[in-house]
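Protein chains in written order, with our numbering: chain A, 39 to 393; chain B, 39 to 393; chain C, 39 to 393.
Hints may contain errors.
If chains are identical, the list can't say which one is meant, so a pair holds when it fits in one copy or spans any two.
With a straight-line Cα cutoff of 16 Å, these simulated EDC-like cross-link-like pairs (lysine to aspartate or glutamate) come out [claimed, not checked]:
no., residue 1, residue 2
1, Lys88, Glu157
2, Lys200, Glu338
3, Lys98, Asp336
4, Lys76, Asp366
5, Lys181, Glu135
6, Lys390, Glu277
Source of the hints: derived by calculation from the structure; they are not laboratory data.
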Amino acid sequence: MISKERIMEIIGNYDLDNLSIATVCSHSSLQIFDGARKEGLKTIGICVKKPPKFYDAFPKAKPDEFIVVDSYKDIPKIADELVSRNAVIVPHGSFVEYLGYEEFVDLPVPTFGNRSVLEWESDREQERVWLEGAGIHMPRKVKAEDINGPVMVKYHGAKGGKGFFIAKTFEEFKRHVNPDEKYTIQEFITGTRYYFHFFYSPLREEGYQLSEGILEMLSMDRRVESNADEIFRLGSPRELEAAGIHPTYVVTGNVPLVARESLLPLIFELGEKVVEQSLKLFGGMIGPFCLETVVTDDLEIKVFEISARIVAGTNIYLNGSPYSDLVDSNLSTGRRIAQEIKLARSENQLDKILS
Amino acid sequence: MISKERIMEIIGNYDLDNLSIATVCSHSSLQIFDGARKEGLKTIGICVKKPPKFYDAFPKAKPDEFIVVDSYKDIPKIADELVSRNAVIVPHGSFVEYLGYEEFVDLPVPTFGNRSVLEWESDREQERVWLEGAGIHMPRKVKAEDINGPVMVKYHGAKGGKGFFIAKTFEEFKRHVNPDEKYTIQEFITGTRYYFHFFYSPLREEGYQLSEGILEMLSMDRRVESNADEIFRLGSPRELEAAGIHPTYVVTGNVPLVARESLLPLIFELGEKVVEQSLKLFGGMIGPFCLETVVTDDLEIKVFEISARIVAGTNIYLNGSPYSDLVDSNLSTGRRIAQEIKLARSENQLDKILS
Amino acid sequence: MISKERIMEIIGNYDLDNLSIATVCSHSSLQIFDGARKEGLKTIGICVKKPPKFYDAFPKAKPDEFIVVDSYKDIPKIADELVSRNAVIVPHGSFVEYLGYEEFVDLPVPTFGNRSVLEWESDREQERVWLEGAGIHMPRKVKAEDINGPVMVKYHGAKGGKGFFIAKTFEEFKRHVNPDEKYTIQEFITGTRYYFHFFYSPLREEGYQLSEGILEMLSMDRRVESNADEIFRLGSPRELEAAGIHPTYVVTGNVPLVARESLLPLIFELGEKVVEQSLKLFGGMIGPFCLETVVTDDLEIKVFEISARIVAGTNIYLNGSPYSDLVDSNLSTGRRIAQEIKLARSENQLDKILS
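Next up, chain A with everything else stripped away, as it sits in the complex:
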């Protein structure tokens, strides 16, 4: 991983009055560009082959400039170009996925957030060490032969939940599993899914206090999963199995929701614990993160995954959410990132939020 010193050296040569925000043209780029512009920052869209035409339909979110690559794998080749434009990269999920983990952590361009989080987040075992170490309740890990109730089986390499499946018995597991792939078996928690969109600021002083900095919760969503969300129209999973039709869990979009207000203390506690543990383990997870949870009928919250950067569920709230409206008007997560970068700049603390 590129060292903090090297990044700060690069930033040392930046014309800070002309910072620009760069990201890959996908995932949550509309709000990242729109938010940066609202905060008066320039924007750069990184795209493959040619600028995507759809930005023309969203003038407020069209980046000021595009940098074209042949393939996202070539982003390292434009590092100098990005640096020459005083760019800060805002990495979203697709950015890291398209570029590749190794290439991302080495990229010699200042990047919003702490890149060290990746090694804790990208491996399910490490993630569990982090979250359970923080005192978070996760679905139990289950050994195949111990299955005696519903479990969710997740393949490590699976893109977007396509190979995931639910089993209720060992027999059912054996019938479905592809033994050639690495998988994890988790207890299936019955309840309703909530994805909480937090923001950790090491810089702001007013707000929900942590040991260092403050915690915000800007919005929440539920993912829309294809085909699992609507397949019940055809039949129950067992009935469909006979017909060779299987539920899949590929995210196609997001719906807005709010949680019972009485859950807010618990929700914030979860966010707080995760950040505090991240400070201990690897110097802190900076900026936006998402806890992916199930709320049970006992009103317990089980966290089944963490995303340590902006998630696409925040796209619903490009002009504010029922929660962010209580912080600031028209506040998207993308805009909040731009605010944090500006604050760090004005307080000469860019080292605290970039890596």
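Please arrange chains B and C on chain A, whose structure you already have, making use of the hints.
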């Protein structure tokens, strides 16, 4: 129940230029506080042990002051303190539940709305007398031995829908029922649930006219119920029963929605009938109320319950809804309550909206 | 169909400084009236028997004037009255349905959009010629005897999806079908439904370029269908069949959602193809239209229907959506229509958007 005369006597000693809005720190308090502040009123949060930290993350909704109690049951002990701060209580569902019905109706602090509504709303039989007397279509009551199609069985004491269950036959009913608890059996209506958020103003003159005052419909939501909303991913209710897994109906949050515009005449008619009947029966249900309904595929609306105060589903619309936007900008139900209190104050008609 | 020449002759006598927007009091009229008023245009509500009272509850959307008819079939009788008020009709789905296809296309009142689209859209065969000719992927048509997997059976005359049903085998089909009605059998696509709300402007120059004019995508929704969306609470379709309970697909409302940003290029491509083909086939589909789709777990989008005018799903976004917010503030589809009419007026190009 404390008399109107006593309440008006208390109000008579208030410094009306320094009214404050008080409620319990839960349920819909964020919008109640945010709305009051937007209308220039002071706010008081009533909390147990210590101020909840989460308000620090929502600066616009953080109350100006907290009053701490050891237990919500102790709210009567702070009545004098509330009165000394010229407080008007805005009771939400949790307020009444936490404090207790008897204590709530006797509380010697001016309270928004008509406390008489409680005896009609808190008893399922009385509620049915009120709503059916208003000409509202409710799901039929069914005797256990007459079950010959889907019914919903609701326990009287059940908190948040946990013990509710669906049965399709008498045998299924007998297999599930806990004979030690009081229950109600209602016809199960197939359709889609809509929760309509109304506001009855006895003071405003412009608008949807009732015999006295006007009716507004500010928003609608659908409740998210755990685990019923997602349990189909595991299997059908019958398949899961064998595995000892049962659907439950605990509200964990809310999603926004809108209804077909062609339903609006009927929706308003329902609200109108309920208010008119409340005026006849007990002097009127003042302020926000919610009709909890199922819209069938014949586009009929069956009302299965009424909440005679602000419901948590309005939390989605802290900065306006597709309906309230047509009344006023950034209008939450919480803010609408503050507007009504201000209007009553300026027109010297606080007796019409407080009890 | 009334000729363009005749319409332009009528418009030639209009007092263009006093244009008004007229539509039937249902469907999406609130945003049409609200949007027109925001753009400074007068509004006329066409209603049966008497003005619907519910507008009184939505002052910003109450039309300036009502014209009362005995039945929507009588709208042709008020054509002169509409013309004398310089009215442009904005036809929504209910407008066309209530008035009737034949009467609508002959109505001698200037109408927003191209009325020729109706003959392509109202017949499922023609619709398929149009969409497949544009290179759009639709669910396959299936012959009854070829059913060997899930299909959706749609009756031609069915109002709002009530008679639709799903079958997985020929036997199941035969058991359900009403042989006295005309039906279409389509492959049932498993996935999640998205309804994309586009706007085609032949006049604007800046934006997502088509061969003539530009394309916008202002919002998306998912329809709420009664009772199909909640019937899984009772049991699987097969279990319920025994009890004589059948899923139905009647739209009762809409929920908001957003799609994965990586789908936007494909979504725009679909809109683009449909418009370009409409330009070739019948002079173009002007203004708002909706593609009704299923997004599969391969992230393919299958279009199962098109609506060539404003759809009720846009009612969610009366004050803007996460997409329209990137075009303009507080931009509903209703308001966008009013903007287009004003632009055409100021550029002397009303012939391009009226018929």
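Now the hints, each set against the structure:
In this homomeric assembly, Lys88 and Glu157 never come within 16 Å of each other (Cα to Cα): the closest approach is 32 Å inside a single copy and 38 Å across copies. Proximity of Lys200 and Glu338 under a CA criterion of 16 Å is satisfied inter-copy only: 14 Å between copies versus 27 Å inside one chain copy. Taking the closest pair of Cα atoms, Lys98 and Asp336 never come within 16 Å of each other, the shortest separation being 44 Å inside a single copy and 30 Å across copies. Taking the closest pair of Cα atoms, Lys76 and Asp366 come within 16 Å of each other both inside a single copy (13 Å) and across two copies (14 Å).
Taking CA atoms no more than 16 Å apart as the test, Lys181 paired with Glu135 passes in neither setting, with 29 Å inside one copy and 43 Å between copies. With identical chains, the CA atoms of Lys390 and Glu277 are never at most 16 Å apart, being 54 Å at best within one copy and 53 Å at best between copies.
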